[in-house]
Structure formats: structure tokens, C-alpha cells
Amino acid sequence: MTLLCLNCSNDDGGYEPVPKPLDIPQLFLENIIAPVIPNDNPQTVEGVALGKRLFFDKILSSNGTQACASCHSPQNAFTDNTPTSDGVDGIFGSRNSMPLFNLAWNYNERFAWDGKELSLERQALEPVQNPVELHSNWENVVERLQNHPEYSELFRLAFKTNTITKELTTKAIAQFERTLISANSKFDRYSLGQASLTSQELNGLDVFLREDKGDCFHCHGNPNNPLWTDNDFHNNGLDTTFSDLGLGGVTGDPNDNGKFRSPSLRNLAFTAPYMHDGRFTTLDEVINHYSEGLQNSLTIDPLMKQINQGGVQISNQDKADLKAFLLTLSDPSFINNPAFQN
Amino acid sequence: MKNYALIVILVLSLMACSEDSDDNPSLEVAPTLTFTHNWDGSLVTNADFNAIQYTNTNGEQLSIERLRYVISDIVFTNSNNETIELDVYNLVDLTNANNLSFTPETTIPSGTYTVSFTFGLDNEDNSDNYLDLNSESFNVPDMLGGGYHYMQFDGKFTNSSMVEQGFNYHVIRAVDNPGANPTFPQDTFFTVNLGSVTVTQGSVIEVRMNIAEWFKNPNAWDLNTLNQMLMPNSAAQIMMNQNGQNVFSLGAVTEVIDN
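Protein chains in written order, with this note's numbering: chain A, 1 to 342; chain B, 1001 to 1259.
Quick caveat, the hints were computed from the structure, so don't treat them as lab data.
Possibly wrong hints are sitting among the right ones.
[Said to hold, decoys possible] To give an idea of the interface, some chain A residues facing chain B are shown, with a C-beta separation under 10 Å as derived from the structure:
| no. | residue |
| --- | --- |
| 1 | Arg-53 |
| 2 | Tyr-107 |
| 3 | His-218 |
| 4 | Asn-222 |
| 5 | Asn-308 |
[Unchecked claim] In silico negatives: residues of chain A with every beta carbon more than 10 Å from chain B:
| no. | residue |
| --- | --- |
| 6 | Pro-42 |
| 7 | Gln-194 |
| 8 | Thr-281 |
Yeah, the Cβ is synthetic: ideal placement off N, Cα and C, and Gly gets one too.
Next comes chain A alone, as it looks inside the complex (with noise of 0.2 Å):
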């Protein structure tokens, strides 16, 4: 009887958060397969909030100058708009910041542009202590949370808890990232019959998947896939010799040198600069390297075609129009989403 007693004593009163799963868009249910929710960091209400909140919270960094949201910014579809980013101490990194929408589709839980990052929940471990970002440690910004007025009480409203880990911390954010789902651009209402392209933008996409003119589906998917990528690693053709190794970094394996994760084409209308150093400014850069500027290598992918002249020479036509189409991809609705905003 005094065990059981003391057993109610520690418990929350039957308190639990309230779930919160993911609201799935249409064309993703009856298109691709179910999102990847790890099972001991199920989606609350809760858990959600507190990791907006701590998502744009300069608590997290050394200095309190920066949060994630500082290089992950909702007008630019959780990216930034430097082709690399500065961390709180003036220093720039060497890679471009990832856009952050449909996360939960990441099947293989492969993330950042190298791969690196296992799951959400571990990604989010590393720019708080990384020297050129937040540049923080966990032990400090734990103890600083567990100082704050209010943290302690939004950590037990999500987990039922007032000791706050780095572990929780970073539930909690990858909670809130992977609600930012992108879903309503204009190919999306074209694919559900609520809107009409142009016929610009129609001749894009012919151009997008035909193997002898763009062929950019074998990696950037096609209408039956709205994620608009296969996260997976390909060598590009950036370079003919690497200065960042990309995925062979992680794995330590050579022939994975110069591939990085095939980004989204989502939201590119917000999300320039290009590429995993973010060198190219501009769409039309972007589309002008695969039609006349590859670079061979060892470990060149080889649905890259035709490397010996460049790339695939497509029509100054075929070029406007695959842009056009590209743009159509884009969600305004996703960067004004009150939802995502701080």
C-alpha cells in the first residue's frame, strides 16, 4: 500500500498530452506511403508548441543572438538567402542552409545535405554545440531552460516532466518541424483538377520528364511523387574535384565523394541560393549547369547525360518554360502560414 501510494504520488494526475497527429494533404494520402513518426516521439499539441517555441528561441545559441529560425526562416521556406550562413560569432559555415518542409517523408531519415543526421531528433542535437552556428553547449543551454519562468512548466505539459534533457529538447523541435508540410502550390491544385497551367508551364513539364531533354525526374520525382525528390545522394557533376566530400565524408567510402541529397524543388521560388554551397543565384544558373555545365568526375552520377558536352543542351525555350513550370511548385501559402510564424 505504501509503494502504491507513493507511485500516486509521482504521477502526473492522469495528465497527458493531447496527440496531435499529422494533418496529411490530400495528394500525399493517395500518392505516397505514411510519414515516418518516430514511435517514442509521438506528435502532442504540447509537444508541438514547446518546440516552436525553443525553434525560434535565441536561448538555444551561446551568445542569445540566434535561433534556429535565424538560418531557417519561414519567408524563405526555413532556409536563408546567403549562399552559406554566419553563426553567432560572425563565421560563415560551408554549406548552404536546408529548406525545412515534409520532413516526416524523409523515408531513410537521412538528413542535411551529407546525410549525416539519422533521425529529426538528432539533427537538431548538432547546430546548438556546432562552433560556427549556436555555437552553445547542451549542458549550458539545459541549465538555462531549466532556469527560465516558463520552460519547466512547457516541458511538463509536453512530457510530462520538469527535468529538461537536451533529448526532450530536441523532440520537441523535430515535433514542430515535422508539421511544416508544404502541399498547396499551383501544381498541387493542378494535380487535384482545381487549377490550370499555362501552357508554358505544361511544356516545363514535358521538358522536366522527358529522358531526352531535362530528365530531372529519375531524381526530383514526377506528379505521382509530391515530395518532389528521392533524398537520396547524387554526385551532380558541380565539380571535377571536391573540396567537400559530401556523403563520402560520412561514410568514409570514396565512391560516395561529391554527393549530396537530392534537395526538394519545392519552393525554390524561395529558397535561392542553389545547390549544398549555395553557388548558383539564380533558377536559370541552376538549369543552365545541367544543360551545358557538368562537371565529369569518378563518382558522377550517371543519370547525368550527355557529360561530354556539358549536359543535356536544351532550347533557350525549353529552359524559360522548365522554369516556368519549376515556379509553379512553389507554396506561398506554406511561408505566410500563421502556423509557422513566430
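Take the given structure of chain A and dock chain B to it, following the hints.
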């Protein structure tokens, strides 16, 4: 196949109700298919990828960088020519070593059968919407008839100028007149007959793919002329279909005992 659930089409639905079934009822078993790959007898796994180390019949040296393909509609035919068709499919992905072992959920009576399956998807199955294949970006664009790849086989070869060059041996339904109204000159999925197999509890049936055969017979494949952009090339697709006829064979049939 629409729900990815297994639907058994029992052409003879009462196989277990033969005259002596009360005395000797057939055991219901769930055979496993495993998929192994070789180059003219030498085992190929993804550890062998990315190195130019194979030579095709035409004399070109090549590497393998990606290999995945669909098999479907596994059929068991007994000595009375009665068939059990499992309306299933499996995306074999050697690149990532996924689905190299496949056990359909549906059981069949133990016995001796001729076992066959379809390489790719027949036209009816190819018109369905498969969420898992979409998620793998295995689709074929609508202007090429839609549906799915049957196989994606990518690698590099040393071309006649002694330069490494990529190839994409992608097998799809042969198509002409790409666009809004494509036409289909010839079906390019095909039936693979593995021969006779005695299926018992825990049976594991090895399906062997000799990758070299894709380049061999009856068409000695010239990668210098047929290397990329083969999806809209119906003549190439028909040649792939012809070469595919001898790619698969029955390997070992073993029995795994559950403890």
C-alpha cells in the same frame, strides 16, 4: 494488387479438398523467394558496385552503380496444370540490399509446382497506383505511357574513346509516339519460368539474375550506341525484352526450420 494486400486467385480453389484430403491434408506453407545476382556465375552484391570490373559480350568494360527491378504475379502450377497466382509485387533493390528476400503473406498447399513470375508488371498491374513505388520515384512519365519502370540498371562503361561514360539500362513498357497519345508496339514485361520446385514448410527458393545476360543474347549489346535515353527508344526496349528471357534461373531450394 490495388491495396498492396495479397489477393490469391485460386483457379482451382478446392485443391485441399481432394479425395484423400481427410487422410492427408496438405500443409499450408508460405514459400520465400530470395534474389541473388551474378555476372556469369560470379556473385554480385552492392559491395561490388562502382568499380569497372565486368566485361560484356560486346567487349565493353563496365561497372554497376544502381540496380533495382520489380517482379510480380508469382504463379504456382501443379502437375494437374492447376494454378495458384499470388497477385503481389516486390521491388528488388540490390543497391540498398532491400527486399532481397520476399515472403508473400498468402500460404499455398505444400507440394510440387512449376513456379513462375512476371518480370516487371503486366499492363493491368502497371496501370495501378502503388504508393510504395511512387515513394521510390520508380514511375514512368505519362507521356511514355505512365506506370512504372520494370528495372533501373545504371553504371558506367569505358567507351570507344577510352573515357568512362554513364549508361542507364532502364526497362519499361515499350512505347512509340511519346506524348498525349502514346502507342505500344509490343509488351515488354515477360514471364520467368523457374521450373519445378517442391514447396514445403520453410522453403526458400533462390532466384538468380545473371546480370551479364542483359547484354548478351540474342542481342550483343553495344553500349557505345545504346547507353542513355533508352526509355523512349522502343526498339531498345524490345531488345531488352529479348535479352531478358535468359536472365533469371532457379537457384538453390532450401528449407529453413523454425525453432
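Going through the hints against the structure:
{"no.": "1", "hint": "Arg-53", "in the structure": "violated (32 Å)"}
{"no.": "2", "hint": "Tyr-107", "in the structure": "holds (6 Å)"}
{"no.": "3", "hint": "His-218", "in the structure": "holds (7 Å)"}
{"no.": "4", "hint": "Asn-222", "in the structure": "holds (5 Å)"}
{"no.": "5", "hint": "Asn-308", "in the structure": "holds (7 Å)"}
{"no.": "6", "hint": "Pro-42", "in the structure": "holds (22 Å)"}
{"no.": "7", "hint": "Gln-194", "in the structure": "holds (19 Å)"}
{"no.": "8", "hint": "Thr-281", "in the structure": "holds (28 Å)"}
This entry does not satisfy hint 1, going by the numbered hints stated previously; all others are met.
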